[in-house]
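Undergrad: Residue numbers (this note's numbering), protein chains in the order written: chain S, 32 to 209; chain V, 14 to 585; chain D, 158 to 426; chain W, 53 to 522.
Watch out, some of these pointers could steer you wrong.
Under the rule of at most 27 Å between Cα atoms (straight-line distance), these lysine-lysine pairs were calculated in the BS3-like manner [to be verified]:
#1 Lys516/W - Lys517/V
#2 Lys546/V - Lys65/W
#3 Lys182/D - Lys97/V
#4 Lys306/W - Lys402/D
#5 Lys412/D - Lys154/W
#6 Lys513/W - Lys97/V
#7 Lys95/S - Lys183/S
#8 Lys302/W - Lys412/D
#9 Lys493/W - Lys154/W
#10 Lys399/D - Lys412/D
#11 Lys306/W - Lys412/D
#12 Lys485/V - Lys40/V
#13 Lys255/W - Lys168/V
#14 Lys500/V - Lys34/V
#15 Lys298/V - Lys263/V
#16 Lys40/V - Lys60/V
#17 Lys523/V - Lys97/V
#18 Lys95/W - Lys559/V
#19 Lys103/S - Lys56/S
#20 Lys516/W - Lys523/V
#21 Lys517/V - Lys97/V
What the hints contain is simulated information worked out from the structure, not anything from laboratory work.
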Amino acid sequence: MTYVDRPSVPNVVKFDEPTAKKRNKLSLMLNTGSDIYQGACKKRGSTLKDEYRHASGTAYMDPKDMAKLGVKNWDKALVKTDWGEVVVYVAHSRDAPHEGQIFICKGPWANVIVSPETYCCCDPTYKGVPATIEKSDEEPLLMADLMAEVYKKYNENETSTGNRLVKIPNNNASNYRS
Amino acid sequence: MEYILKNGIVYDPTNNVDGEKKDVMFKDGKIVDTVSPDAKEIDVTDKLVMPAGVDPHSHIAGPKLVVGRLYRPEDSRRGIVPKKGVTRAETGFSIPSCPATGYRYSRMGYGTVVEAAMPPLEAKHTHEEINIIPNLDIAPLPLFGNNWFTLEYAKEGNIDDLSAFISYWLRLVKGYGIKIVNPCGGEAWGWGMNVHGLDDPAPYFDVTAREVITALAKANEKLALPHSIHLHPNDLGHPGNYETTLDSMKLVKGISKNSPVRNQTVHMTHIQYHSYAGTNWRDFKSAAPDVAKFVNNNDHVTCDVGQITLDETTTMTADGPMEFDLHQLNGLKWANKDIELETASGIVPFIYSGRNSVHSVQWAIGLEMFLLVNNPWQIFLTTDSPNAGPFIRYPRVISWLMSNKRRTEMIENREVHKAVEKKSTLATIDREYDFNEIATISRAAPAKAYSFTDRGHLGIGANADIAVYNIKPNEIDPSIEYEVIEKEFGNAAYTIKDGRILVKDGEVVKVVPSRTLWTNVNGIEAEEEAVIKKIMPSFNKYYTIKFENYKVHDHFVPRPMAVNVQAGKAAK
Amino acid sequence: MKIVTFNQKEISQIGLEFDELIPDKIYQWEKKDFEKYEVPIGNSRFPLRDYFDVDVEGSAESPADVKIIINGDLTRVKYIGSAMSAGEIVANSSVDLHCGSEMSGGEIIVNGDAESYAGREMTGGLLTIKGNTREFCGASYIGDWRGMTGGTIMIHGNAGKQLGECLTGGEIYVRGDCDILAGIHMTKGYIQIDGDVTRWPGGQMQGGSIVINGKLSRLLEGFIDSEIVKNPEVSGKQLAGKYIKYTGDIARNGKGNLYLDAEKNRNFL
Amino acid sequence: MGYEEPITDYDYKVDNCTCAFCGCNCDDLVYLVKGGEVKGEIKDGVVVSGYIDGGHVIGVRHACRLGASKVMEDMDQRLLVPMIRDEKGNLVETDWDTALDKAAELIANAVRPVFYGWSETSIETMHYGLELGELVGAVLDNQATICHGPSLQAVQNAGYPVMTLGECKNRADMIVYTGNNAMNSHPRHLGRYSTFPRGYFRKRGRFDRTLVTMDPRYTDTAKMSDIWVGFEQNGDYEFYNAMRAVLRGKKLEKDIISGIPKEDIEELVEEMKKVQFGALFFGLGLTHTLSKQRNIDIAINLVQDLNKFSKWNLIPMRGHFNVNGFNIFMAMEQGFPYGVDFARGYPRYMNGETNTIDLLTREEPDVFLVIAADPGAHFPSGANRHLANIPVIQIDIHWGPSTELADIVLPGSFIAVEAAGTSYRMDGVPIYMKKAISRPKTTRDDEWIVNELLKRVQKIKGIKPTVAGK
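Based on the sequences and whatever the hints tell you, model everything.
TA: Quick look at the structure:
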């Protein structure tokens, strides 16, 4: 079967990094993309489940960065960019070393913090977004909770999600047409 | 439904009707000799009436077309027409979208088009496009000239197995006949190389174009396919290539034809590109007189021209190496598409300009071919669309053929480069085509070459595929009124397909789905099975697709028109 | 002289397309023609009068006699002055996409920012943007290797990415800074940037000239034959000061020229 | 995950099924089906025609982890009945007529409708979708807009020297993956098409080929490569520019370019010139970084330059199984590959204006139809926020992030398992994917749903249905 609890990652005990100076907050480059666990979980359709939260809502870090931040596998962290902030798990990246970069698989968690700017080339900026990461005690939200929290689709008390809506043409006016 | 077209001036070369004023009657999609008094009358008094056009070689559907559309949005944008009435929006100039292709052919009075290159692996794609193109009957020619199985059989000289292979494959991919493109050159392009001439072997396979062409021609006649081999010979577009062209034509001279309809055993396509003398682009000149002389003396050859129309167009051919050379020449974006085990292809945008000496001479060579080949049944109207120019330029080519005045004007007004006078004989030829000859090169002769007996003429029982133009043949002087000729041939007064009026006064008024013409060879099923069994291990090993998923399912050919052939026995 | 003034009443969320409101098409229009006119919005057309009050003064014999003034928030008005060949348009606001695209003559003044594709495929005329502009200013249509072929674009603010993509003629001046890949694929023409440039100007350029009077952060390897030139003359313009002159982009056998202010870019010496 | 026993308790096998996950479209899958009744022919336990009514796929042979997970889907989250969001904000079950009528009404009255998705459904469905789009003047766009759109733009600027995957399998002696982690995104690509298979001219498979990976990260693909080029993040353009300069015979001046020593670049170029047949596969690593389409643009130019020395081709590593299909379909129907706007009665294609993300961030659309796609999972929140303001119609098979944003949910069927259809592989090879089992009774085929929407919109607009071309 293709179900897993969480992606398998190198199981590194928090190691001593002599050059690393412990910091509460790191500035790094955020990349997003896909990996096999995220792909399998998403396309199987298990997006409401805990598996998806671990497959997609995880920031894969270089072990040196993890040491600097003082986190170990499946600890929680808050990632912030100009576009938003989200709580995710952290884990040792299988693609390490890539010091100074974190990788979050595409999914609702990464979406909150990537840039929608396309620079006229239709593709949002999914990679190379400057970000900060700090340790957090909060639990990453499950998919449905995250969507409700971020987009407020059915929260009646929220009137608008910050759009500039001014006037939508009324297309019922059939009298406009001959 | 019955119709009668009253009092038109009819040109029907197949039935020796040369500009007679007569009525054309049709009923339920077929031409008949009498209709009831209830028949709907369409008055076409003194107007030009011909069978609907038959295009013998055009690239209108298939993977490389779509690559062209995909990577040339600037071309798609050039031909935009908003949706209107029964028609959807059109896009594209040199590579129109599928709906536009159908509408534009209909407006010119065409009814049948041969799609000249279908890679068997992607045949489903070609058929999908055929289904989207409206208003035409389309016969796709699968590519066999660089197929690995063909190369092996040609090397062994195993004509029996080759025939069975081809007959099976035609059914598998729903193709009409054998297309050969730069034999062995396409395979060599797999390694970034090319072959030169007939005796340069393909790397590793160690087989020459001479062997491949001979083998395929023999197989073609052995099966008695309706069309002969359709040959795009080696060395396209190289100065001095006319010798290869002559050799290629000589090659099949000894093979006797096995067909009651067509005369030829080889159809040489876009011969304009293959009639160059010289050794490089500086001393490049026309060899059209030599090639035309050979054609005039040999009736086993037909050819279509591939006339340069001096437009910005998109060149696309299965001749991969030649397209790369072209890219090196003009530096414009180059697309290439190699198909495993089967063929290559390439695409490059190209701007043919009258100010360029080479392009102008190419233009002249095409016209020379038209004018120097005496028998209009041996030379057909094409622009190798979109290679030498888009098919919507056929009316312009017709106007050039009918007007020596216009040709002289172009040369004298320097609309083309002065090299035309030095490097070709065009300026010395004053022949002008008449309407009967135009009807022959664009209708009757191509239909005959493909053994289409149900179209290309207006005899009793033929499909009611008819074109009427707002030209009064008895009043007009095409030599002077070439502009009228161009305009009217581009905007048919009526285009009738299978008895249905599709175009009226240059506007598409009805849209019908296209049909697919393909050749079904019967009678050698046992041989076919044996051959398939033999090649299956190689197929499974080297293709990346399963045999079950290779074939063109009936789903993709919803409106087939199978031409049934008894292997070895020429059909009636 | 005819002066047509558009005063905005209502902003539409879905962009209005102004490609039919150019001097070439409206020089004979009266007020009542504007009253009747329906402007394309999305997949439909809606009365222009719902969105703009139009005042017409004077009369015009030809498009060249027309001056159009548009007031209001035009950040949702696309194609202002698109394909115009004569006359004058003054937009007193920031404008949306395609301002002055395909224009062949006349003048457009934007008293604000312009969104992307300003001056795309221009063949003539003058486009002045008093604020900033964004991507693909003076570029070609996607896929075409012939971009802007003539005319002038003046940008008083900053420009975005891929300024003057596939430039085949004409002149672009940027007073402010410029983002990556200015003059990419250009074959002819002239680009002058007075501010700083981030990365890789002139990528794959084959001809033409780029002058950078500010600081450059990164240059491509394809630029070679650097030499110091003093007070050079570039496409008929006399520059003052010391410049580092490069030829490139050699990655594409290019013969374009890139002039870098020598004082501000000492690290390249 | 430990050892798992092979699946033996199946009743039927279906051979040569096509995988509906990535652009590899592997067409050699064997579905192991339990239960149900065969509607068709069966021979030695293998269904040779027709399908199995009521069966379940309990195992898949030959598929990779991704393909297997998709085929053996999670039935817990399967959408089974149409739903409409009520006033309280909950999705409530409804019947097909109500849901379709409501959707059709929204589409018919929209001023700026966007139909997004299509990459995980069949060409046959797209036919109806396009007809609907042309009728109402919608924008049709697919997932290329967020993945390989820049590749297509680069193709439009620079050219498209491609091949079918078999060319690579039979001939290639150098394989380059750039900005792509094939082992994770296209797991069978190396094994079935590029690196490992024994081809006609590469009889020893992997041993006859050199594998190069260019990626800032040391990915799973990089780990199995012979050469890994780890250029710096966002340095792609400069790196390829340097390679092209070297190809033109230029000596590099800087010692390190984009994090790679110049000697390494020169050596790599030398290697690439020497091979007989090279294949370059590029992925989203190139399209999503700083210079976006220009990275691909210059990579294509590099391949074109290399063809002067030896034979080189490339293929974009398309993600969804039919994302290429939609581009091909739109190009043949209307001349442009994606992001086509029919608002003015003719197609317009303008990057940055007629693409889904741009439209959403500009907050233009007033109805959003999403079919066989998941913007909730893939769009940046800046774009998705607008979906919370407007009616969203979803046609999909699973309850996913987009369902959380949808107002009308129409449950479709699973192409290549429960419905047949045409798809185009990443290299443009068309494959007719067959139907193996029946769909859940309460769902409908995508084709039927979109056709039904079309018919209902035609009725609202008072237009007679046309049949031409269909």
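Undergrad: Does each hint fit the structure? Answer for all of them.
TA: Going down the list of hints, with the structure as the test:
1. A distance of roughly 22 Å separates the Cα atoms of lysine 516/W and lysine 517/V; the hinted pair therefore holds under the 27 Å criterion.
2. For the suggested pair lysine 546/V and lysine 65/W, the alpha carbons sit about 23 Å apart, so the restraint of at most 27 Å is met.
3. Between the alpha carbons of lysine 182/D and lysine 97/V the distance comes to roughly 23 Å, so the proposed pair stays at or under 27 Å and holds.
4. Taken as a hint, the lysine 306/W and lysine 402/D pair is honoured in the structure, with Cα atoms around 18 Å apart against an allowance of 27 Å.
5. Using a Cα cut-off of 27 Å, the hinted pair lysine 412/D and lysine 154/W is violated, with the two alpha carbons roughly 61 Å apart.
6. For the suggested pair lysine 513/W and lysine 97/V, the alpha carbons sit about 16 Å apart, so the restraint of at most 27 Å is met.
7. For the hint linking lysine 95/S to lysine 183/S, the alpha-carbon distance of about 37 Å lies beyond 27 Å, and the restraint is violated.
8. For the given pair, lysine 302/W sits about 14 Å from lysine 412/D by alpha-carbon distance, which is consistent with the 27 Å threshold.
9. A hinted pair counts as satisfied when its Cα atoms are at most 27 Å apart, and lysine 493/W with lysine 154/W qualifies at roughly 22 Å.
10. With a CA separation close to 21 Å, the supplied pair lysine 399/D and lysine 412/D stays within the 27 Å bound.
11. Between lysine 306/W and lysine 412/D, the direct Cα distance comes to roughly 21 Å. Compliance with the 27 Å bound is thereby established for this hinted pair.
12. The hinted pair formed by lysine 485/V and lysine 40/V meets the criterion: a straight-line CA distance of about 26 Å does not exceed 27 Å.
13. With a C-alpha separation of about 22 Å, the suggested pair lysine 255/W and lysine 168/V falls inside the 27 Å cut-off, and the hint holds.
14. Annotation: proposed proximity of lysine 500/V to lysine 34/V holds, straight-line Cα distance about 23 Å (limit 27 Å).
15. Restraint check: the Cα-Cα separation between lysine 298/V and lysine 263/V comes to about 22 Å, which is no more than 27 Å; the hinted pair holds.
16. Our distance criterion of 27 Å between C-alpha atoms is met by lysine 40/V and lysine 60/V, whose separation comes to about 21 Å.
17. Proximity of lysine 523/V to lysine 97/V is assessed by CA-CA distance (about 12 Å); at most 27 Å being required, the pair is judged to hold.
18. A threshold of 27 Å between alpha carbons decides the hint, and for lysine 95/W with lysine 559/V the separation of about 19 Å falls inside it, so the pair holds.
19. Taking the CA atoms of lysine 103/S and lysine 56/S, the gap is near 15 Å; set against the 27 Å cutoff, the hint holds.
20. A threshold of 27 Å between alpha carbons decides the hint, and for lysine 516/W with lysine 523/V the separation of about 15 Å falls inside it, so the pair holds.
21. About 14 Å separates the Cα atoms of lysine 517/V and lysine 97/V, which keeps this hinted pair within 27 Å; it holds.
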